[in-house]
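Peer 1: Once you've looked at the hints, go ahead and assemble the two chains, each given alone in its own frame, into the complex.
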Amino acid sequence: MPDTFQEYITRVIEYWPALFESLWETGIMMGFAMVAAIALGLPLGTLLFLTARGQPMQNVFIYQLSNAFVNIVRSFPFLLLVVAMQPFIRAVYGRATGDPVAASFPMMLIAIALYARFVQQSLLDVPKGVTETAQSMGASIPQLVWKFLFVESRSSLIIGFTTAFVSFISYSTIMGVVGGGGIGDFAIRYGYQRYETDIMYTAIIVIIIIVQLIQWWGLRLAKKLDKR
Amino acid sequence: MITMTNVTKTYEGQEGAFNAVDDVSLEIGENEIFGLIGESGAGKSTILRFINALETPTEGTVEVDGTDVFSLPKKRLRQHQKSIGMIFQQFNLLNNKTVRENVRLPLELHKYNDPLSVGEVLDFVGLGGKSDRYPGQLSGGEKQRVGIARALITRPKILLCDEPTSALDESTTEEIVGVLKRAHETFGMTVLVVTHELDVVKSMCERCAVLENGHLVDIIDIARGEERRSYDSYHQRVLEVLKDA
Ligand SMILES: Nc1ncnc2c1ncn2[C@@H]1O[C@H](COP(=O)(O)OP(=O)(O)OP(=O)(O)O)[C@@H](O)[C@H]1O
Ligand SMILES: [Mg+2]
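As you go down the protein sequences, you meet chains A and B in turn. Okay, so the first sequence: first residue is 331 according to the working numbering, each after it adds one. Okay, so the second sequence: first residue is 14 according to the working numbering, each after it adds one.
Bound conformation, chain B alone (with noise of 0.2 Å):
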């Protein structure tokens, strides 16, 4: 469980101080998919961020499983940060590493007790047979791929997800969305996901909070409509949209 007090986050800009995060105070259960949305520049990494301590808030308190993050000392704090997947909008993959060396990066920094085994999280995600290739000969979808192979490798209890899809297009969006849902199923843990794309979370999560220029202003729970389509082809949905007008 994930539990932010009166976090408050300020910047000092030209014109003076201002709070890219506002006094907010957020619950996320155990295994829940929660979204946080809102413009560009409404304080949505930021927040993510507070919870595996890239950021530090300038008041209030995070607390990750009745601990407070901010708290701990260095070599506890890593402790933390090692049980907390993060995927990220521009997949921040090492281009001069393997895809398989991509994967593996977690394991070779830190002791993991039930690791995954490098072929079975890419299987998973759907590049059993890429282990070998460069990041840069990979299409972007099969880049956050790896992306989430590389979160999910050493099975964290929670899943920080900034901007997953907002570099892929339509029908990889939705691939990857796949991707994240079967692994909250499959694996069993917290999801934060921010985006600005509201079809991501209608599809994604559970709940929601939405954020104006760092204020909380709302948390919605997200009515489940019956799944919609999501193996048209891409062709498909072309018709679809321009034939429809």
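Looking at chain A on its own, in the form it has when it is part of the complex (with noise of 0.2 Å):
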């Protein structure tokens, strides 16, 4: 430890580029995962909920599928998924360790189903109301969805973001781990290895500061647009 706070104000200098460059790793991990859990968790959990019994598209087959994928993915401990993913990042990515582009590959399929998850969640929550009006203005599904469902959740979804975007961070110190890089792998480098626990300190002091602030962001952009 350092014995003077000007100590300790020197060496974060000395070491920030290469905190810096963790935070960008974990960057590019959270930005992958934003986007797949966007892209592709939010029309899974909208079909989640659509085909589920009793509402619009009611599919059996369609709902059990969706959500065994959704459960095996969410149940399976995240490491062993991410070794378990490895063949199929190094046939699609041809490599599979090594880089954050590599380890955004399990970030982004626990994005899927954690965000899809908070969708569905979401939009049951929405009074059953809410589709029968649109039913009996003879909207169609895109309709529904877009014009209805959505407007009414739109706040309860942005929160569920928040809530995925902070678990999503957890996830990516994992992927250090496996030399995915980021900032679990900045942590372990220095103050697992190295015993320089104040630089360690600083980089998860970081990250509590911006998982705080995206919350606080977040938060309130829900409640901005929220007018129940």
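Please keep in mind that the hints were generated in silico from the structure rather than gathered at the bench. Hints may be right or wrong, so weigh each one.
Keeping only pairs whose Cα atoms sit at most 30 Å apart, straight-line, the calculated DSSO-like set for lysine-lysine is [as the list claims (entries may be wrong)]:
(1) A:K553 <-> B:K143
(2) B:K88 <-> A:K458
(3) A:K458 <-> B:K194
(4) A:K557 <-> B:K143
(5) A:K557 <-> B:K95
(6) B:K170 <-> B:K95
Peer 2: Right, here's the structure in full:
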């Protein structure tokens, strides 16, 4: 541990480029995860909602299939999911470890499953009368989703996304263990292997601040959009 | 004209199958205000919802202007639904949309030949000044006015009302009944009102059907007495009722 605050600052400045690079790598993983959550998790969650029993697109087969996918991915211990996906990532991306893009594959999978569940829950919270009203007006399924369901669930969808985002950060640190880089990798290298505890704590505090900011901003946006 | 022939709706309950609607045949004329009354669970809503296909009968047919509703392919069915307005007990407004956006909603889903304008229809229901409010900022009666405006903006040929006043207090009920009657006079459409409030049926409807346990037990021609005073203040009516005794 450094003796004085000045010494500490000097060390932080010294390690800053490495810390910054780790944050950047985490950012890449987070970016992929978020895009996957929105591009695929949102439609999947909507499909889960629409195909359930008593809903407008009721379809046992599709519902069970998507439900099984979400359950399996979510109940997989994440580290094992990462290991299990290695052959697949290698086949698709050429290499399975060593850079944040390779590390993003398991992140995307968990992001899709996790956010799909949040989306499904948000849509279930919309009063049944909303769907009924859309149907009474002769709305098509896309109209029902865009002009009714997403309008009424938008703040809950944002809160869910914020919560999912915080979980993604946690998952991203596990990627550090298998050489995916990022802030988890940074903490292990400096804190665990080299006992530079002050640097590790600094990294952790940076993460906490980022999480708090995102959460605060997400909740504020959700509140602003909620007119109920 | 709406014609139901031997419609039955069977649900699989815990004690086996039961008929929520049992072999009901019914004819509602063009431009008529028709009531449907009965106790809770009698099957009123189910029958009303056959007309715009929110519910499908297990047996029997429903015809609107000679078209069998349940033989329509999906697209035609949506065209059929688009020509029917519906108002609900719980209003079913979108809470994240303003009054104006709520009222405009049907026009965003389909093209209509000759819709009313938002301003016109809001003035008609007496909400001219509140178009930029959100439903959360309105009273129950005002919310139902928005619901009515949303149904009227398309100039529907049929207006389905499922317990339109059951969530409202007495004087608000009279106001809403007044708006519905005026809508019928002004725009001319077939109106079906489901309710358990006899006063509402009495002041609105020309005929009404009585349901018991899914069976149609009677169709009554409603006698028109002189119009009841309906603009008493709440205070006056309280005095009337409480001091009379
Ligand atoms: N999806 C369903 N599954 C099983 N039973 C149902 C279902 N929907 C309605 N029912 C039953 O059908 C019967 C008629 O219902 P309906 O909603 O038409 O009654 P109602 O006359 O409108 O009653 P209320 O005044 O309470 O609204 C009730 O006994 C109800 O419990
Ligand atoms: Mg009912």
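Peer 1: Would the pair K557 of chain A and K95 of chain B pass a check requiring their Cα atoms to be no farther apart than 30 Å?
Peer 2: Holds, at roughly 27 Å.
Peer 1: CA of K88 of chain B to CA of K458 of chain A, is that 30 Å or under?
Peer 2: holds, 23 Å
Peer 1: Given the proposed pairing of K553 of chain A with K143 of chain B, does the C-alpha separation stay at or below 30 Å?
Peer 2: holds, 23 Å
Peer 1: For the pair supplied as a hint, K170 of chain B and K95 of chain B, confirm whether the alpha-carbon distance does not exceed 30 Å.
Peer 2: holds, 10 Å
Peer 1: Would the pair K458 of chain A and K194 of chain B pass a check requiring their Cα atoms to be no farther apart than 30 Å?
Peer 2: holds, 29 Å
Peer 1: Taking only the CA atoms, is the gap from K557 of chain A to K143 of chain B under or equal to 30 Å?
Peer 2: Measuring from Cα to Cα gives roughly 15 Å; hence the hint holds.
Of the numbered hints given earlier, the model fails none.
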